[in-house]
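Next come the chains, spelled out residue by residue.
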Amino acid sequence: MPMNEEFKPKIVAFCCNWCSYAGADLAGSSRLAYPADVKIIRVPCSCRVNPMFILRAFEKGADGVIICGCHPGDCHYSTGHYYARRRMAMLFSMLEYIGIENGRTRVEWVSAAEGVKFSTTMNEFVSKIQSLGKNVRLGDIRCKN
Amino acid sequence: MDMFKIAKADLSKLLAAIAAEQDLFVPAKVAGQTNFTLWNEETAVDLDTLKTVKSPKDVFFPQSENLYTVKKEDKKYKITPEELCSRDFVVFGMKACDIQGVKVLDRVFLADPVDTFYAARRAHGTIVALACGEPEESCFCSVFGVDPANPDADVALWVVGDDVCWKALTEKGEALTAKVEALLSAGDEAAVEAKKAEINAIVEKLPYADLDLEGWHGDATKEKFDSPVWDDLYKPCLACGTCTFVCPTCQCYDIKDYDTGHGIQRYRCWDSCMYSDFTMMAHGNNRTSQLQRFRQRFMHKLVYFPANNDGMYSCVGCGRCVDKCPASLNIVKVIKAFKKEEAAK
Amino acid sequence: MQELINRAKELLADGTVARVLGWREGDMSYNPEVAYFNSAEELDKFVYNGFCAANLSKYMIEASKLEGKTLVFLKPCDTYSFNQLLKEHRVDREKAYIIGVGCCGKLNVEAIKAMGIKGIQSIEIDDACETLTVKTIYGDKTVAYKDAMLERCHVCKGKEHMVYDELMGESRDTVDAERFAEVERIEAMSPAEKFAFFQAELSKCIRCNACRNVCPACSCRKCVFDSNKFDSAQKANVDSFEEKMFHIIRAFHVAGRCTDCGECSRVCPQGIPLHLFNRKFIKDINKFYGEFKAGEDAETKGPLTNFTFDDVEPCDAVERG
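Residue numbers (numbering that gives the first Met the number 0), protein chains in the order written: chain A, 0 to 144; chain B, 0 to 344; chain C, 0 to 320.
Isolated chain A, as found in the complex (with noise of 0.2 Å):
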């Protein structure tokens, strides 16, 4: 890559079915912008995300992982993202342990209503990941060329 050329992250946003993935539905009807990086997986719920789907996003080569769920409370399944919430914190803190920058991954809960939310998080995201750089501590050299 040239180096006058912008870095142009990945990101993989886990989304959940109910409320996450109705929220970017939301924002792209409502016309507001985010990045076009951001690619999104619809997952059933944010405890769908099992910690290795992370791991193998940035294996692949994404920047940047971040998984959207339903408030605190409102889960679809009552208490999916609570489970979520304790093993994501683990994994997070696991990662920033080996010595991945922190701010590679992030929760974030996104109601259906909340396009704007949606938008402004996904846009701050980038923004992070874009100033972290390239995800290079993660990524496996075979998936590089």
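Everything labelled a hint here was simulated from the structure, so no lab data went into it.
Quick caveat: nothing in here was measured; it's all calculated off a predicted structure.
Here a beta-carbon is modelled for each residue, glycine too, at the ideal position from N, C-alpha and C.
There's no promise every hint is true.
[Stated by the list, open to error] Each computed DSS-like pair below joins lysine-lysine, with the alpha-carbon atoms no more than 25 Å apart:
#1 B/K338 - C/K286
#2 B/K204 - C/K134
#3 B/K77 - A/K59
#4 B/K28 - C/K112
#5 A/K9 - B/K71
#6 A/K143 - B/K74
[Stated by the list, open to error] Cβ-Cβ distance ranges computed for the label pairs, FRET-style:
#7 C/E192 - B/K70: 31 to 39 Å
#8 C/P190 - A/N122: 19 to 27 Å
#9 A/N122 - B/S85: 47 to 55 Å
#10 C/T304 - A/S29: 34 to 42 Å
[Stated by the list, open to error] A few chain C positions that, by computed beta-carbon distances, are all more than 12 Å from chain A:
#11 M0
#12 D13
#13 A17
#14 A39
#15 S63
#16 S121
#17 E150
#18 H153
#19 E177
#20 R220
#21 I247
#22 G270
Fit chains B and C to the known structure of chain A by using the hints.
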């Protein structure tokens, strides 16, 4: 061929001289463990540790290597085979048992059909071996006819006092000697002979020196396979692959595809007969219990391999499995258990 | 040791148990192996000493499938694993007759060899477990018992057995280090230093899976890393991402269930301090969700299968962790 020597203190100069013209692999300590690695100026060379954790077989037969890459270009698939090793290299500090291990691998990979990846590495590699100064209790190479004082390599080295004596044994060794001759001076043949006698005297005292291989040969398949000894013997086995991965002769591999997201890399990597998916085929698996898998490993080393290779065992007595098995099982215990059973009969 | 053998013989003779799971003397003084004993004669080869480090709880998964009761000898720390397996319904309490044995710290022959001791012919342990007399081809040496102990014994969880049918023998305090000191040392590093540390340690990994196979918490019938449809299957080893993924995921899978028995670090042929991953999770769990000791009992819900409404948010956890 002449005996040369170099002061121990000058070894780093020698390594630098060797590395100037080719790749150089040396035993080096990384995060507390000694294994063979590619040398550079910062490498913490460790010639004092007798046995590296992994055998140096991975210099010739890497744990994981690419075979070819497939990419889709304009609706066509383009296959790019991996290039064969074309750069000369030297492996410095291999021990006699590891060299015997390479000879076992030669039997497998250089027999028809020749494994081109392995053959290319063998052709470009020069082995500089170091005689074992202080053999350890887990060593039993002498049982398999290996002489730790006389490594059969391209160049053999002996540490005598403050000097390292150097003797080329093959043409490749001669060629390497010619390249570094400026650093060498004339060595003392008698001192080396004395050192060899010293090593051999230690070898006789080793606890496994009198291990008896009687009954283990290519014709023993039925008798050993059906023995009830296995039923009890395998039980502590955790079914991990430690013994196979540290072993200098284990040569089984698996071929797999890795999806890089924009193509496929076909690679091969070491496999272990201890694993449940070893030799998995469409119909399932040949060996479905750990007893069968455990038996396979030792039968292969001591019966099947000699049956197909003029009586050559595919154990070299390096003792790495003795040192490393998490369950304290190893080939010595297997041989002893059979001996005991026969004595009881 | 003799009283253990005698008691085992009694229990075999009166039919309480059908077999005994313990340790059999090895062919060197430091390599006893796990073994089943089916008769009084076989028990003559039974040993119990400083080198009997293996945690027999995991073997009880298989033993629970056998006919009749199995007598098993568990050290204090092994009983935590047994409880955890009970909680997960992987062992059958009815099939186990547990004798809680005393422990004065277990030995690590690698630690002895790391002192430069080669050619070991025999190792004698004195009755007080203070000194080892090591006879080698290259001369005799003495080593202080505690210098040859496994890492886990320096941060021992305690002398109490969590589950047992009867107790035999005395245990002693072996703690002389802070359990989370190493974790804290790493936490204090910069991201680049942390990464360099784990990169150096994990690049040694040969993916032999010994850590997984010995782990009492890794008791899945089919491991995700054994799936042949999964492209990070167990055998591939490339010097980039795979080892990290394997070890992070493995530690994650046992988070909240790991009793910190230290078997993973004990068996690693490359001497990778794998307990540092598990201990980090334990430390975080204690901090965010309250003190929790996996295996203390066989009923309490694990921290990752539980929640409260005001748990810490993941992003805050990283900053405070």
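Next on the checklist: Verify the CB-CB distance for A/N122 and B/S85 against the hinted window 47 to 55 Å.
Outcome noted: Roughly 51 Å apart at Cβ, these two residues keep to the hinted range, so it holds.
Checklist entry - So the hint says 34 to 42 Å: do the beta-carbon atoms of C/T304 and A/S29 match that? => result For C/T304 and A/S29 the Cβ distance comes to about 39 Å; the hint holds.
Checklist entry - Does C/M0 sit more than 12 Å from chain A, CB to CB? => result Given a closest Cβ separation of 42 Å, the condition holds.
Next on the checklist: If we take the beta carbon of C/G270, is the closest beta carbon in chain A still more than 12 Å away?
Outcome noted: Label holds. Min Cβ-Cβ 18 Å, cutoff 12 Å.
Item to check | A/K9 paired with B/K71 [C-alpha distance capped at 25 Å] | outcome: holds (22 Å)
Checklist entry - Is the distance from the Cβ of C/P190 to the Cβ of A/N122 consistent with 19 to 27 Å? => result Holds - the Cβ-Cβ distance for C/P190 and A/N122, about 25 Å, lies within 19 to 27 Å.
Item to check | C/E150 remote from chain A - nearest C-beta pair above 12 Å | outcome: For C/E150, whose nearest Cβ neighbour in chain A is about 19 Å away, the distance exceeds 12 Å, so it holds.
Item to check | Non-interface label on C/H153, tested against every C-beta of chain A at 12 Å | outcome: At about 22 Å from chain A, C/H153 clears the 12 Å cut-off, so the statement holds.
Checklist entry - For C/S63, which was marked as not at the interface, is the minimum beta-carbon distance to chain A over 12 Å? => result At about 29 Å from chain A, C/S63 clears the 12 Å cut-off, so the statement holds.
Next on the checklist: Verify this label for me: C/E177 is non-interface relative to chain A, using a Cβ-Cβ cutoff of 12 Å.
Outcome noted: The claim holds: C/E177 sits with its nearest Cβ about 18 Å from chain A, beyond 12 Å.
Checklist entry - Does the no-contact call for C/D13 survive, Cβ to all of chain A over 12 Å? => result With a cut-off of 12 Å, C/D13 remains clear of chain A, as the shortest Cβ separation is near 48 Å.
Item to check | 25 Å Cα cutoff - pair B/K204, C/K134 | outcome: With a Cα-Cα distance of about 13 Å, the restraint between B/K204 and C/K134 holds, given a limit of 25 Å.
In summary, the structure is inconsistent with hints 1, 21 from the numbered list given earlier, while agreeing with the others.
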